[in-house]
Every structure is written in C-alpha cells, then in structure tokens.
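Chain A is already provided as a structure; the job is to place chain B on it using the hints.
The listed protein sequences correspond, in order, to chains A and B. The first sequence: position 20 = 20 (the working numbering), numbered continuously. The second sequence: position 54 = 54 (the working numbering), numbered continuously.
A few of these clues could be false.
[What the hints assert, rightly or not] Each computed BS3-like pair below joins lysine-lysine, with the alpha-carbon atoms no more than 27 Å apart: (1) A:Lys-3 / B:Lys-55; (2) B:Lys-3 / B:Lys-71; (3) B:Lys-70 / B:Lys-3; (4) B:Lys-18 / B:Lys-57; (5) A:Lys-3 / B:Lys-71; (6) B:Lys-71 / B:Lys-53.
[To be verified] The calculated label-pair distances, taken between Cβ atoms and stated as ranges, are: (7) B:Ser-67 / A:Ser-31: 46 to 52 Å; (8) B:Arg-73 / A:Gly-85: 40 to 46 Å; (9) B:Glu-17 / A:Asp-26: 35 to 41 Å; (10) A:Gln-83 / B:Ile-77: 24 to 30 Å; (11) B:Pro-109 / A:Glu-56: 31 to 37 Å; (12) A:Ile-115 / B:Ser-82: 39 to 45 Å; (13) A:Ala-81 / B:Ser-67: 42 to 48 Å; (14) B:Glu-17 / A:Ser-28: 21 to 27 Å.
[What the hints assert, rightly or not] Among the chain B residues that face chain A by a calculated CB cut under 7 Å, a handful are: (15) Gly-16; (16) Pro-39; (17) Leu-43; (18) Leu-45; (19) Thr-104; (20) Gln-105; (21) Pro-109.
Source of the hints: derived by calculation from the structure; they are not laboratory data. For every residue, glycine included, the Cβ atom is placed at its ideal position computed from N, Cα and C.
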Amino acid sequence: AQKITQTQPGMFVQEKEAVTLDCTYDTSDQSYGLFWYKQPSSGEMIFLIYQGSYDEQNATEGRYSLNFQKARKSANLVISASQLGDSAMYFCAMREPNFGNEKLTFGTGTRLTIIP
Amino acid sequence: DVKVTQSSRYLVKRTGEKVFLECVQDMDHENMFWYRQDPGLGLRLIYFSYDVKMKEKGDIPEGYSVSREKKERFSLILESASTNQTSMYLCASSLLGGTTRTDTQYFGPGTRLTVL
Chain A
1 AQKITQTQPG MFVQEKEAVT LDCTYDTSDQ SYGLFWYKQP SSGEMIFLIY
51 QGSYDEQNAT EGRYSLNFQK ARKSANLVIS ASQLGDSAMY FCAMREPNFG
101 NEKLTFGTGT RLTIIP
Chain B
1 DVKVTQSSRY LVKRTGEKVF LECVQDMDHE NMFWYRQDPG LGLRLIYFSY
51 DVKMKEKGDI PEGYSVSREK KERFSLILES ASTNQTSMYL CASSLLGGTT
101 RTDTQYFGPG TRLTVL
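The following block holds chain A by itself, in its conformation from the complex (with noise of 0.2 Å):
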C-alpha cells in the first residue's frame, strides 16, 4: 500500500483564488512528521510547511496552511490568494521514527498550474 497517497496529478487555478492540494498517508506510527515541498521547473525541492503527529493546530507559514485530520489520515495544503508563482510540482512527505532507516517517504506529485 502507498504510505504517502497525492490522487491529483494536475490542477489549474485561476488566479487570486485559493488551491488545495489533496494528500493522505499510512502509518501504524503515533509519532510521525508530514512535510510539503515545492519543486518549481529549476529542480529545487523547497520546504513550506510541517505538520507534527501531536500538533494540536494546523500549521500556518504566510499563505500556505495544512489541514490536518488526523482520524481520516489527511495533511491538505492550502495554498491562499494564489499567485502566478505558485506554478510548480507540490509534494507530500512523512517523516517515521525508524533508526537506521531514516528517510523521508514521498508521494508522487500535483502539477499545479496558476492561470493568469
């Protein structure tokens, strides 16, 4: 079974409009760390937003926010007021406890795409 599951490959928004980025996961964990990244067209992964398993609130960094529900296993980003910058890949990521093996575990991507 996947651990990080992101169903939307592809999304267009029209400017101005708020976006979310749909993500589940699978842990058997009680402790575990989700993380977003952004990949624009240079390659770069960028680090928006962590979510910890005990975060009694929804994280917040600026525009971007994650709704986090953790019975249903869910972490959507919500990106606010979309901007043409926003254009990129949007990956999804949890981070389990497991010494020797540490890594972070990914899911496959939304191509998310601003229009003007």
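Frame of chain A; chain B shown alone:
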C-alpha cells in the same frame, strides 16, 4: 539559511563511465541523503549517511555507492553508468533524524544526469 549545493546542474556521460556527483552543505547537519527522481515515481532514497564515514542503504542502492569523508560533503558514485540511471539526482541534509520540524530535510538544486 541552509545551503545545499551540488556540483553540476546538468551532466552527460557515456555508458560504462564512472560518475561522481558531489553535494556540500554549510549548516553542520548530521544527516545527508541522495535521492533520485523519476516521473510518476516521486523521489526514491538511494543512500543516506548520519555521520562521517557512515552510510546506510535506502530503497534503491543497486548500482550506486557513496562516500562521506567530511561532515559537509556527501558523494554519490555510479561505478559503471548505465542508461537506466538517467534521472534527476537530489541531495538533501537534515540536522537530526527524528520526526520534528528541526528534522526537516533541505535539498540542493538537483543534477540532471543523462547516460548515453
């Protein structure tokens, strides 16, 4: 700001050549990682290192080796490049190996390798 640099943005090599990909981070991070990224497959971990001269296999280590002689530098080696190793290679580093925000992985700009 964390800075992770990679020696080349684009690289073209011939089948059978020995290829070195270099990664340097300037934030005194303990952990360093090498991923490859392929369309539709997301990012897959090749190797990681949590200390100098220490290395651990990731999900797809076959055909690769790594070297970490200094804390800030992590090299990926393709002993005999093959066409199926044509891919985007991303290096990352993180301070610690847990699930908190401080364990965020920061990525370099990537190296797009083509093996002919």
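Hint-by-hint comparison with the structure:
Note on Lys-3 (chain A) and Lys-55 (chain B): the hinted pairing holds, with a Cα-Cα distance of about 24 Å set against a maximum of 27 Å. Note on Lys-3 (chain B) and Lys-71 (chain B): the hinted pairing holds, with a Cα-Cα distance of about 14 Å set against a maximum of 27 Å. Proposed proximity of Lys-70 (chain B) and Lys-3 (chain B) is supported: the alpha carbons are some 16 Å apart, at most 27 Å. With a C-alpha separation of about 20 Å, the suggested pair Lys-18 (chain B) and Lys-57 (chain B) falls inside the 27 Å cut-off, and the hint holds.
With a CA separation close to 31 Å, the supplied pair Lys-3 (chain A) and Lys-71 (chain B) exceeds the 27 Å bound. Among the hinted pairs, Lys-71 (chain B) with Lys-53 (chain B) is consistent with the structure: their alpha-carbon atoms are about 9 Å apart, no more than 27 Å. Look at Ser-67 (chain B) against Ser-31 (chain A): about 32 Å separates their beta carbons, and that is not inside 46 to 52 Å. For the hinted restraint 40 to 46 Å between Arg-73 (chain B) and Gly-85 (chain A), the CB-CB distance of approximately 32 Å leaves it violated.
Distance hint check for Glu-17 (chain B) and Asp-26 (chain A): the Cβ-Cβ separation is about 40 Å, which falls inside the suggested range of 35 to 41 Å. Taking the beta carbon of each, Gln-83 (chain A) and Ile-77 (chain B) are about 40 Å apart, not inside 24 to 30 Å as hinted. Between Pro-109 (chain B) and Glu-56 (chain A), the C-beta spacing of about 36 Å keeps the proposed range 31 to 37 Å intact. At roughly 41 Å, the beta-carbon separation of Ile-115 (chain A) and Ser-82 (chain B) lies within the given 39 to 45 Å, and the hint holds.
In this structure the supplied range 42 to 48 Å holds for Ala-81 (chain A) paired with Ser-67 (chain B), their Cβ-Cβ distance being about 46 Å. Checked against the given bound of 21 to 27 Å, the beta carbons of Glu-17 (chain B) and Ser-28 (chain A), roughly 43 Å apart, lie outside it. Below 7 Å, beta-carbon pairs count as interface contacts, and Gly-16 (chain B) has none with chain A, the closest being about 26 Å; its hint is therefore violated. Proximity of Pro-39 (chain B) to chain A is violated relative to the hint, the smallest CB-CB distance being about 9 Å (cut-off 7 Å).
Hint on Leu-43 (chain B) holds. Least Cβ distance to chain A is approximately 4 Å, under the 7 Å limit. Given hint, Leu-45 (chain B) at the interface with chain A, holds; its Cβ is 4 Å from that chain's nearest Cβ, closer than 7 Å. Taking 7 Å as the C-beta contact cut-off toward chain A, the hint placing Thr-104 (chain B) at the interface holds, the least distance being around 5 Å. Given hint, Gln-105 (chain B) at the interface with chain A, holds; its Cβ is 6 Å from that chain's nearest Cβ, closer than 7 Å.
About 5 Å separates the beta-carbon of Pro-109 (chain B) from the nearest beta-carbon of chain A, less than 7 Å, and the hint is met.
The structure shown violates the earlier hints numbered 5, 7, 8, 10, 14, 15, 16.
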